[in-house]
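A.B. asks: Chains as they are written, first to last, in the working numbering: chain G, 1 to 673; chain E, 1 to 487; chain U, 1 to 219; chain L, 1 to 308.
For the chain G half of the interface with chain U, some residues (derived, Cβ under 7 Å), not all of them:
hint, residue
1, Ser646
2, Gly658
3, Leu668
4, Arg672
Simulated from the structure, these hints should not be mistaken for laboratory data.
Each residue gets a CB set at the ideal place from its N, CA and C atoms; glycine is no exception.
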Amino acid sequence: MFVDQLFLALIVLPFAGAILAATLNGHAKTSVRIAFTVSSLSSLLGLAVAFLIFLDGEMRWELPFSSPFGPLSFYLDTLAAFFLGTISVVTFAVSVYSFGYANHYEGKYPVGLLGAMFNIFFSSMVMVVSSSNAILFLIMWETMSLSSFFLVIFEHRQEGTVGSGLFYLIMTHIGTAAIGMGLLLMYVNSGSFDLSSFPGAAQGMSDVLRSAVFLLWLVGFGAKAGIVPLHVWLPMAHPAAPSNVSALMSAVMVKTAIYMLIRCCFGLLGVQDTWWGITVLAIGCVSALLGVMYALIESDIKRMLAFSTVENVGIMLIALGVAMVFGSYGLKELAGLALIACLMHVLSHALFKSLLFMGAGSVLLATHTKDMERLGGLAKRMPYTGAMFLIGALSASAIPPLSGFISEWLIFQAMLQSFSIPDAMVKILITVALGTLAITGALAAAAFLKVFGITFLARPRSRDADEAREVPKSMLLGMGLMAALCVLAGVLSFAILPGLDQVSAPLAGASIADSLVNGIEIVPTVGEFSQASPPLIAVIILAVMGLVLTLSQAYGGRRKVVRADTWDCGTPLTARTEYSGRGFSNPINRMFSWVYRPIRTFRATRSPSPYIRTEMRYTSTTQPVFEKYLYGPTEAGVRWAAKKISVIQTGSIQTYLGYIFVVLVLLLVALRL
Amino acid sequence: MIEIALISPAVLAIICLLLGRHTRAIEAISVAGAGSLLVSGSYLAFRTFDEGAIDEGIWFMDQFSGLMMFIIVLIGFLAVVYSVPYMRQEMATGEVGKRKVSYYYGFLFLFMLTMVMVVVSDNLGMVWIAVEATTLVSAFLVGFHNKATSLEATWKYLIICSIGISLALLGTIFVYASSLPVLGEGSDLHWTSLMAVAGQLDPAFLKIGFVLVLIGYGTKAGLAPMHTWLPDAHSQSPSPVSALLSGVLLNCAMYAVLRYHILLTHSPLGGGFSSGMLLLFGMLSLGVAAAFIITQKDYKRLLAYSSIEHIGIIAIGFGFGGFWGVFGGLLHMLNHSLTKALLFFGAGNVLQKYGTKNISEVRGVGRTMPFTAALLLLGALAITGSPPFSIFISEIMVLAAGIGQGSFLPVIIYSGILVVVFAAFMGHVVRMIFGEPPPGIEKGEISRSGLLPMVALAAAIMIMGLYIPGLLGDALKELIGLFGGME
Amino acid sequence: MVNDLSLDTINALAALILLADFMLVASSRMRSLTRIFALQSLAMGGLAAVVAFETGVGHIYVVAVLSIALKAVVIPRFIDYTADKIQVNREVEPLVKIPGSLLICAAITMLAYFVTEPIMELGTAITSNCLAISFATVLIGMFMMVSRRKAITEVVGLLVVENGVFLAAVSTTYSMPMVVELGVFFDIFVGVIIMGVFAFRINRTFETVDSTVLRRLKD
Amino acid sequence: MLTSMVQALLVLALSPLFTGLIRRSKAYFQGRQGASVLQPYRDLAKLFRKDSVLSHDASWIMTITPYVCMTAVIAAALMVPFITDSSLGFVGDLIVVVYLFGTMRFFMALAGLDAGSSFGGMGSSREMTVSAIVEPTILLSIFTMALISGTTDLSGISRNLATSGLDLVRPALFLALAAFFISTLAENARVPVDNPSTHLELTMIHEAMVLEHSGKHLALMEWSSMTKLLLYAVIMANVFLPWGIATDLTAIGLATGIVAMSLKLLLFGLAIALVESSMAKLRLFRLPNLLTVSFSLSLLAVISYYIL
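Generate the whole structure from the sequences, applying the supplied hints.
C.D. replies: Now the structure itself:
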């Protein structure tokens with residue numbers, strides 16, 4: 001009962017906050033305070049609800065009025081609670097961060113509306129994971145899309161923002177259409193809009209129909225999750241949005257799609273075919289690899305982070321795909337393991353990606369630019385932001401024992417277990433996926449190294465960067481919270497994993513908590529295949545670090561540290577003698593030029609001597625492959641067809657009467673025949 | 001009882017025409033009269049919802065008429081309320097004189113009278129007369145501005161709709177012919193008496209009759225390819241009239257078609273023939289409208305084409321049939337009226353503020369008229385089928401019907417086109433609302449009172465997005481039985 | 001049972017109506033257009049009167065009288081008046097040349113027979129064989145509207161369509177219930193007047209009634 | 001626990017010797033006299049006694065990097081079996097070890113960028129490019145061994161392989177070994193990927209990154225790199241060819257272990273020196289070919305494990 005009331009409060013509170021914030025739009029400071037106080041309170045509520053559900057197991061609740069589609073009910077099991085918890089944690093930190101961040105919009109944009117939409121966005125995400133009625137779910141799904149759309153176009157007077165937002169809205173709408181069709185196909189077979197009736201109906205459906213539903217959902221939710229080639233909106237929308245919003249979108253909104261994919265493939269449809277899992281796996285691999293490759297060559301911090309989200313969604317799908325493959329062979333424990341790995345990655349990605357986006361927001365706030373090529377030297381000017389951004393980057397690069405490492409480690413372990421699968425071809429496919437994942441990991445490290453190194457290290461590349469100052473305390477607090485969680489979720493993962501097992505056990509059909517966690521060790525397998533202990537790794541690292549510091553100080557005595565200029569062959573040290581971000585990624589750009597299809601031009605002005613060039617110009621741009629070869633032609637095709645059709649409106653009344661005449665004659669003849 | 005709903009607009013029209021230059025008095029009487037019409041019309045509608053059909057000889061109302069009646073009086077009332085500030089602004093800018101204003105209100109009430117007559121006439125011949133009368137009356141409203149373009153629109157409207165309606169008369173004759181062998185000389189062309197013997201009507205006559213009626217009334221309803229007059233007429237008329245034309249008149253024409261559809265469903269022919277025809281024309285309308293929405297440069301025409309699209313959806317809903325198809329179709333008639341009226345009101349504000357119908361010349365409405373912009377954006381989202389607004393509900397019902405039928409090709413085309421329309425429509429509207437307004441446009445709403453009907457409509461479509469009032473829901477379910485959607 | 005003379009008269013009048021259709025298409029003068037239309041309407045009225053006489057249904061007489069009064073007298077006069085007033089060029093100016101039009105009309109007539117054949121067999125009325133002619137009249141009326149330039153010719157075309165519909169009513173159902181029939185006449189009458197009003201206005205604004213210039217509104 | 005600590009210390013202590021050995025044998029192959037095998041010890045001792053110079057532009061990253069690198073290799077050393085098959089394998093398995101090396105590389109590359117010189121940036125950029133393919137190769141080749149031996153614990157792999165005689169030997173093992181060997185060269189800045197003794201900045205990879213370190217910091221960087229090299233050799237020895245490793249702590253076992261390890265290390269040292277003497281450094285943009293070959297080998301290794 002208590003949970004019900006908390007849940008009710010969780011629904012009502014953000015809406016009340018939104019309305020209040022919108023009404024007080026005129027008083028910017030007050031409305032910011034109200035909006036984000038409410039959102040942080042309601043996220044705490046969400047956390048409490050999630051926690052209680054983990055204790056109780058599940059919760060069902062209905063809206064007091066009925067609809068033509070049956071009761072509008074909410075159902076939360078541990079899976080939903082896990083996502084609710086993740087959403088809440090991230091929202092809490094981002095809300096704290098927003099106190100400081102939202103203030104800089106004061107006087108430029110209606111901040112109250114930002115706060116209001118922020119609350120609605122949070123609330124819609126909560127309801128997406130908790131809706132049990134298909135139509136209610138669709139409504140909340142679109143509310144989530146719409147509210148995030150409004151948040152994306154918040155800075156609508158910026159060049160390109162509205163266009164990016166629109167593209168996002170359209171992509172997500174296409175997804176919704178596919179999802180809706182899938183849900184309705186299920187409804188037609190189950191006779192009820194309640195999601196709980198779907199698994200039963202799925203049993204009676206033909207293979208073709210069930211696969212159709214699966215593919216529709218894969219496309220629909222994939223569009224939201226940002227799978228390649230439906231990912232194009234991410235690097236457009238995330239940079240356009242205010243940073244606190246991009247943090248939420250990237251860290252948790254795309255996760256709602258992962259949530260639904262897990263829910264659909266394991267709950268609603270039941271894992272049936274191996275090729276489903278292989279499909280998800282393949283999509284995951286392509287997304288992970290292409291995502292990280294584009295992240296690597298990007299020089300806009302937020303775009304880079306968006307591409308990294310594509311990569312990480314890919315990794316989650318790899319884990320999910322492996323889980324589905326295991327499930328299809330009845331290897332329940334292993335399916336559970338892969339699912340836990342997937343969930344762990346969901347959690348760790350939520351933590352580090354929100355941290356990184358908040359960090360990017362801080363940089364943007366302090367320097368007014370998110371172009372790495374204009375940044376640099378921020379680690380000295382904004383030490384706290386720098387340190388926390390580094391923690392995020394380390395977690396994203398899977399540096400042990402941070403949370404990002406633990407999840408990647410678990411995914412590797414799950415994939416290594418593929419030797420239990422009877423089919424050799426499937427084993428080989430999973431091996432290839434494993435190789436892809438390994439390359440992805442290495443490239444991700446390079447990408448995050450680049451974003452941190454170019455942005456925060458060495459000399460500033462512009463005056464804005466030179467004059468950067470540390471951001472307000474509330475923003476640091478928000479980031480600090482996430483940074484601490486990045487570390488803790490890794491080190492204390494042995495305490496988190498049994499909780500994740502509670503989530504995966506009902507889906508995969510087997511609980512592996514007993515074997516998975518042995519004291520402070522994690523044994524992610526059947527038998528003695530492998531193990532690791534994140535807290536011990538942390539302890540060892542700290543101990544060795546202490547030892548190294550002490551001993552190296554002791555040996556050779558205390559030596560002075562002299563400050564001097566960097567050696568650079570005697571050339572003057574300016575921003576232009578530093579290595580640029582583009583230069584950093586150039587070797588990889590060249591190595592994979594068949595993917596990037598870079599367009600390079602080189603022009604030098606001619607002068608009398610061939611050895612003396614007065615001016616040289618080198619440009620290199622990467623072709624937006626998907627825009628150019630997929631979206632561009634599609635849009636052009638639709639427009640072309642529309643143009644052709646619109647010829648019929650000639651303006652001549654004779655033509656118009658002619659249409660009626662022709663239709664009449666045709667129909668009369670058809671009737672006679 | 002039903003006569004009240006017929007007499008009062010007639011009386012109001014005469015008063016308005018007589019009062020001439022007393023603009024203030026006309027305004028007061030119009031609003032009060034439209035209000036009382038709303039009360040009496042709604043009373044009739046709810047009586048049908050509550051107690052079932054009211055049969056008063058030549059006047060007959062079942063739940064279907066009730067639904068239509070409710071739409072007419074509601075949108076009519078809101079249009080009158082919106083007209084007051086709209087016409088004042090037109091007078092202030094010197095567009096129209098006082099004398100014309102009295103004509104405007106007079107014809108507005110006559111227009112409502114003819115539409116009410118369409119839905120309360122039992123006699124299918126009377127329905128025809130009333131539909132033709134709507135054309136004749138509204139022609140004056142379409143041509144109200146007396147500009148070259150509005151005259152052109154009026155001419156096309158008159159000629160194309162008249163030719164269409166002649167075909168509908170031919171169709172009516174055939175349906176009448178089909179009843180003669182059964183009812184003999186006693187046949188009075190009353191829908192109720194035809195329904196009573198529906199099982200014995202001659203299928204061959206019904207078939208050709210329905211085809212002619214569909215082309216005929218379909219012209220009036222804006223089904224492609226007979227829709228050609230619609231974008232012209234709807235974009236050239238004053239905005240409150242556009243709201244009535246798009247939101248109500250199209251429904252009335254569709255109502256007439258559907259009466260025949262019901263008849264055919266109960267005849268030996270079964271519902272398959274007429275459903276198939278509705279589906280065909282619905283799909284055509286959807287496709288054609290989508291093409292024009294993509295390439296559109298004029299926002300009032302954009303709304304007009306959107307009306308064609310939605311009439312298409314309604315036709316598709318009834319074409320799919322079954323519980324959800326009919327439910328969705330009926331609900332969509334209501335939802336589309338509410339939403340389209342909201343959008344035309346919003347477009348009226350924009351037109352009066354910016355003085356242009358060109359989408360590319362309208363920028364930054366959010367800055368100049370924040371409330372209109374918000375309502376417009378909300379309306380745009382609603383009309384393109386975004387939840388949590390009501391059109392989403394009816395569209396998803398239609399989709400459910402299609403999927404339930406297993407007609408996958410139409411379903412795929414339907415959803416594909418809806419997505420494309422969404423993209424194109426939002427593309428236009430979002431560009432109008434955001435960005436920097438062009439220089440020389442003052443900030444500030446046209447009028448506060450003009451926003452009231454818009455707010456009411458917005459609230460209605462939002463509430464209907466999640467919740468359908470029990471009485472309405474029950475009435476619609478009764479109707480589903482009538483359409484044969486229950487089996 | 002049925003008077004042979006009546007039947008012959010009906011058939012002759014129907015043939016006259018069809019002939020009028022062709023004459024309408026063939027005529028190149030505005031004036032003759034209205035004359036032929038009046039003639040056609042007269043034939044219509046006559047046909048209705050014969051049917052009234054044959055069936056003994058009283059109100060068909062009223063219909064016949066109204067038809068003759070309105071369509072054969074008042075409306076042609078009104079159109080002539082309007083045309084004079086706005087000084088329409090007396091040429092019809094077809095978009096499709098007259099020989100071509102006539103061939104098309106012949107094809108339309110065959111088509112009309114083709115599509116109405118099964119229905120005519122069903123018909124119980126003595127006049128049911130006029131149905132093909134009524135369809136032909138409707139379609140030819142529409143064809144006139146499609147292929148002629150002037151606004152006034154469009155109105156005439158529309159009236160021809162109405163005549164076709166009227167013929168269909170008489171030939172299949174011996175006309176419709178009285179109240180409906182009156183309403184229809186009223187509507188047609190008002191419609192023509194309103195169209196006349198707008199033809200005036202268009203002429204004033206565009207200085208022509210050539211409806212092909214009405215092409216500003218398009219996409 | 002204690003054994004692994006002792007072994008880690010041993011690795012740390014012996015790493016300069018291993019580097020000295022390679023340099024010496026390389027000199028021999030090239031017909032030079034070369035410095036003593038103990039020269040690296042002297043270099044380190046000298047560096048430890050010198051002051052450090054830090055760039056004005058560098059941040060705290062530059063300062064902590066030497067310590068982080070040293071910590072990472074020592075932590076890795078604790079998890080790798082050396083003379084005996086016992087290590088802290090329950091703390092971290094082979095993936096942890098590989099990612100610890102990754103940590104080291106990450107910080108080294110950061111420090112390369114930190115000073116703001118174009119050489120450091122170039123070094124970092126190239127290092128990350130190379131590692132993008134090398135790291136997955138290493139993972140895959142060790143995974144092959146994990147599959148063969150049924151565990152991902154490095155000690156476990158050694159133990160299972162060593163105690164089962166030749167039962168577990170498969171073609172996959174050799175493919176994986178070849179891939180791992182190429183990766184070892186690439187990861188430890190050896191010819192043909194990098195030249196450890198180059199003096200031309202434009203050809204540097206590893207040296208360019210540590211260009212701005214000096215004194216004690218440089219000593220730590222150099223030492224950690226040497227240790228990393230030895231660790232790779234040890235992994236190669238104990239994972240792919242673990243026969244002879246001490247599976248118990250008896251005197252005989254230990255003696256065999258020490259002898260076997262010494263022989264194997266000597267062999268690898270010679271092999272590396274031979275390669276370095278007989279091959280020229282590849283151009284940077286020719287490298288992908290070589291690295292892709294090694295990656296394909298490792299992938300082939302796993303696949304052949306399943307097929308054969």
